[in-house]
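Dock chain to chain to rebuild the complex, using the hints, since each chain is given by itself in its own frame.
In case you want the letters, here they are:
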Amino acid sequence: MDDLISDLPQSILESILTRLPIRDAVKTSILSRKWRYKWASITELVFDDECVSSSHDGNVVEQSLVKFITRALFLHHGPIHKFQVSTCYLQSCPDIDQWILFLSRDSDVRELILKLGEDEWVRLPSCLFNCKKLTHLDLSCCELDPPPRFKGFSCLRSLSLHRVLVAADAIENLIWSCPLLENLALSYFDDSLAITIRAPNLKYLYMEGDFTDIFLENTPLLLSLSVVMYMADDVAEHFELEQSSNCNFVKFLTRVPHLVSLAGRAYFAKYLSIGDDPGPLPITFDHLKIIELFEVSFEDMKEVLVLLRLITSSPNLEEFSISAGESTSPAEAPDSLDIWERECPADWTFKQLKVVKMTDVNGIPHEMDLVKFLLGSSPVLKTMTISPSTYFKHDRMVMLIELLRFRRASSEAEIIFLQE
Amino acid sequence: MSSSPPPSSAAASPSCPKKMIALRSSDGETFEIEEAAALQSKTLENMIDEDCAGTPIPLPNVTGKILAKVVEFCSKHAEPGVDDESLRAWDAEFVNVEQATVFDYILAANFLEIPTLLNLTCNVVADMIRGKTPDEIRKFFNIKSIFSPEEEEEVRRENHWAFE
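Protein chains in written order, with my numbering: chain A, 1 to 420; chain S, 1 to 164.
Hints in this document: simulated from the structure, not taken from any laboratory.
Incorrect hints may have been included.
Straight-line distance between alpha carbons at most 20 Å, and here's what the computed SDA-like set of lysine to any residue pairs gives [said to hold, decoys possible]:
1. S:Lys19 <-> S:Ile57
2. S:Lys139 <-> A:Ser32
3. A:Lys67 <-> S:Arg156
4. A:Lys132 <-> A:Asn183
5. A:Lys34 <-> S:Ile143
6. S:Lys144 <-> A:Arg36
7. A:Lys133 <-> A:Trp176
8. A:Lys38 <-> S:Asp135
9. A:Lys354 <-> A:Asp286
10. A:Lys38 <-> S:Thr133
11. S:Lys144 <-> A:Leu8
12. S:Lys132 <-> A:Ser53
13. S:Lys144 <-> A:Trp348
14. S:Lys139 <-> A:Ser6
15. S:Lys132 <-> A:Lys132
16. S:Lys65 <-> S:Glu29
17. A:Lys38 <-> S:Ile143
18. A:Lys38 <-> S:Leu107
Bound conformation, chain S alone (with noise of 0.2 Å):
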């Protein structure tokens, strides 16, 4: 065995602290992510790249209610030893929430381009739309139907062979 010294690995010791990233959300909130977590987003890892990691970064788009949640799941996907499982558990529970805060999820994870969470926000929503009527589709969504009958006669003959 040789007696060189063990490599360096990713955790840190309590000596060397690891580099958090200092976020500002549109309402002024600043928040601290580790920067494994910040790395799951392109839009942060192109900044942190870019050395702008001094001051906070601010994210306009984001509020500080959606921004502490991103930062937990960022978080979450960046701890070492989950088991898929696990993971799969938890993200079922984070995205357990009103139809409205899974969107601003989305739009979030959009901006920020974290594609676990854009992939996760997606699938919820599609299984929000699959195997609902039309009706239903409208009601749950809140969509509001604005044909006039002979617009809405044209778009069943377009795609009558759908609905049959």
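Chain A extracted, bound-state conformation (with noise of 0.2 Å):
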């Protein structure tokens, strides 16, 4: 049999040696004399904790790593269009602030990616921002400092910051200076951030941590939202009486639109109650097909109003998950149990709602209202999945003797009820 490998052109040789981890790339180099070079051109370098032997000494890994992505720049020719390191081993080193800017010199570099150590955070060299093309930018656990001067990075499309220190007016101007920003995701600052987002272009916003404040001053193509918003305790207290009367709810998500998912967690849901009920929205989300709010406190009365105005201006939603979480507040007064009869638009239909599930449930009444809301207006319901919660306080038996009697408008729907 003929060697069919080693002559092949170098875009294919260069697309197969990509694929292995850069050390098996490298050790390609002693097979034959063509082989020697092959892989010092790949235009891909990834560098993680599988380059180097392994060793309980941490200091020793961090050597072997260093020296090991240091040669292999050095050995390098031609562009590099993707670097990126992933190690909990690297600390502050000098050869972090070389390797960047070998590649701010060049700046070929599209996509760049850090992945670094929790110990110490590292700071990253001004040259960062020399990287022009970069189109892909993901850095976590470490420090970030925007130079004055800096424009910004006029192709990048998508951004990832986690665990990164850098101040919340520098990440405002490093989003609004990034016009293609399609793509954003931040989560962990150190402190409590309040973060005003202006991308005219973005379509995926991800954000996770402690934030006081989000605005969404201008999103309007936003397509997909995910926020896990935390809060201490006695933050959220303390937001409650600070709060002016504009309402969160209207605040937060009527510059967006075009939404086509939506996912909540934590304290999202309370913090979209701040503020005085809106009444029914003027907007309709009409390309909203996807609700996932997760502990939303069925006895904060604001909260299940939050929860209803979303869904009742969200006409063609397909799939609505949904979580109770612990109760935060003490229960409401029986007279607010009529909301869903009377703040629901009469006549209201899920036309394309097919999919619910609803875990950690207790039973209580304004969730059995909402089970009924969506059950009597949901004509193409095929299956809803109700989980109870761990903490169940009512007769499970009362709750499921009351379901029974809700109306469906769907014959079709399931309900399937799970016992853990």
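So this is what it looks like as structure tokens:
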């Protein structure tokens, strides 16, 4: 049999070598004279702990890894389009600065991914901001300090910052200065953050952490929004007292009319409920197909009202998932219990709603009213799955009996009650 | 409900046959491929746009044996309603062939610019390399190493950091 691999066109060989762990790719240098530098012109360099032999001594691993990356870069020739380092072993070291300087000099790099150790946050050098062709920047556990004269990454499509130490206005300016930004993920900043987002082309937004305020000032094209909002309990109360009558729900959601998917966890529902109830919304979310809300407090009438307004503004909803959180406020007075009848538009139907999942259900009145409303207004419903909470306070049999009586608009609807 | 006619679908009705494109391999065999399948190949897509689709498109770099399989691959990937898992299983069977054939597929996919086939076949070759020692790789692909001992020593020194 002939040697069919060595004479493959270089572009194909590079494609094959890029799919190997970089250590294996470098080892092909020994195969034959032809192969000596085939690895050295691959355009994607991905380094992680697999590059070096493991050791119980973190310092040894760090040193081996630094040596590996530095030697690889030195022997490499040609453009580098993707540079990734993922390791928890690299603490602050001057080598990282040099690698980024190296990359920024030719400034061909399009994708830069640095996921570093959590112990000591590396301050990234300012030459990072000279990488003009960046389309994809993903940073984890480091410190970022954009220089004042920085004009933005004009090609950046995707930005992800996780546990990054950076000032709030610096992030805002960074986002605003990247006109093509479509994909943004922000998680776990050191302090509680209030942030305003201006990104006219943004389509996908993910936020997780301790945010005191999120203002989507200019994100008209947003399709998918996912927020996990943590708040210390005392902050949550403090927030309520301070807030003016401006309704967060209106402020937050009415600027994203093209939303297709919305997911909120932890304190998100509570955050939206702050402020006065706006009444029926003037806009509808015609494209909103998927809503997932977790840890909603069904004993808080304001949160229930937010939920009600949201779903009755989403006529084309297809999938709805909701879970109840632990109660954070005292139980409401009984006269609030008819809000479902009062506030839901008459003859409302969910023409596309097929799947409903409710978890951590406690069987309390607002939850039952939600189930009743959904069952009665969803003519194409296929499945409704209900999982009781482990702290179920009421008699499950009572809840099931009540559920059985609810009118179902869909003759095909299956109600699946999941025991744990 | 309005009474307007239903929107035209991509699938053909019996009275309207699907457009077929004719291809000729390097050894003179002719094959027919549906337009939708042909569009998987950027090369063919360009040629169809230029309206050369009257006479069979000559493909001097691809033999009849391989072209038949490429047509099969493209047709399968243009089929509507195939779920991801079955397609993956079908792909795995498709590349379960001898080494020489995998390389023929790679070269055909490269020439015809079929990203799905190129991706699939490159993954296969990468899997053939992964985890093997240099000696095992040489043996598997029949690579003749013509290093002199000094050259080999030099390469090992240059890349010792990867062999540690």
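Verification of the hints:
1. A threshold of 20 Å between alpha carbons decides the hint, and for lysine 19 of chain S with isoleucine 57 of chain S the separation of about 14 Å falls inside it, so the pair holds.
2. Only pairs whose Cα atoms come within 20 Å are accepted, and lysine 139 of chain S paired with serine 32 of chain A is accepted, the gap being roughly 12 Å.
3. With a C-alpha separation of about 16 Å, the suggested pair lysine 67 of chain A and arginine 156 of chain S falls inside the 20 Å cut-off, and the hint holds.
4. Between lysine 132 of chain A and asparagine 183 of chain A the CA atoms are separated by roughly 18 Å; this keeps the pair inside 20 Å, and the hint holds.
5. Taking the CA atoms of lysine 34 of chain A and isoleucine 143 of chain S, the gap is about 10 Å. The hint holds against a cut of 20 Å.
6. Our distance criterion of 20 Å between C-alpha atoms is met by lysine 144 of chain S and arginine 36 of chain A, whose separation comes to about 13 Å.
7. Proximity of lysine 133 of chain A to tryptophan 176 of chain A is assessed by CA-CA distance (about 17 Å); at most 20 Å being required, the pair is judged to hold.
8. Note on lysine 38 of chain A and aspartate 135 of chain S: the hinted pairing holds, with a Cα-Cα distance of about 17 Å set against a maximum of 20 Å.
9. Restraint check: the Cα-Cα separation between lysine 354 of chain A and aspartate 286 of chain A comes to about 16 Å, which is no more than 20 Å; the hinted pair holds.
10. With a CA separation close to 17 Å, the supplied pair lysine 38 of chain A and threonine 133 of chain S stays within the 20 Å bound.
11. The hinted pair formed by lysine 144 of chain S and leucine 8 of chain A meets the criterion: a straight-line CA distance of about 15 Å does not exceed 20 Å.
12. Restraint check for lysine 132 of chain S and serine 53 of chain A: satisfied, since their Cα atoms lie roughly 17 Å apart, inside the 20 Å limit.
13. Under the criterion of a C-alpha separation no larger than 20 Å, the hint pairing lysine 144 of chain S with tryptophan 348 of chain A is inconsistent with the structure, at around 75 Å.
14. Between lysine 139 of chain S and serine 6 of chain A, the direct Cα distance comes to roughly 13 Å. Compliance with the 20 Å bound is thereby established for this hinted pair.
15. The suggested pairing of lysine 132 of chain S with lysine 132 of chain A is violated, with an alpha-carbon distance near 39 Å, which exceeds 20 Å.
16. In summary, the hint linking lysine 65 of chain S to glutamate 29 of chain S is supported, as the alpha carbons are separated by about 9 Å, within the 20 Å threshold.
17. With a C-alpha separation of about 14 Å, the suggested pair lysine 38 of chain A and isoleucine 143 of chain S falls inside the 20 Å cut-off, and the hint holds.
18. Of the pairs offered as hints, the one joining lysine 38 of chain A and leucine 107 of chain S holds, with about 18 Å between alpha carbons and a cut-off of 20 Å not exceeded.
Hint check: violations occur at hints 13 and 15; the rest are consistent with the structure.
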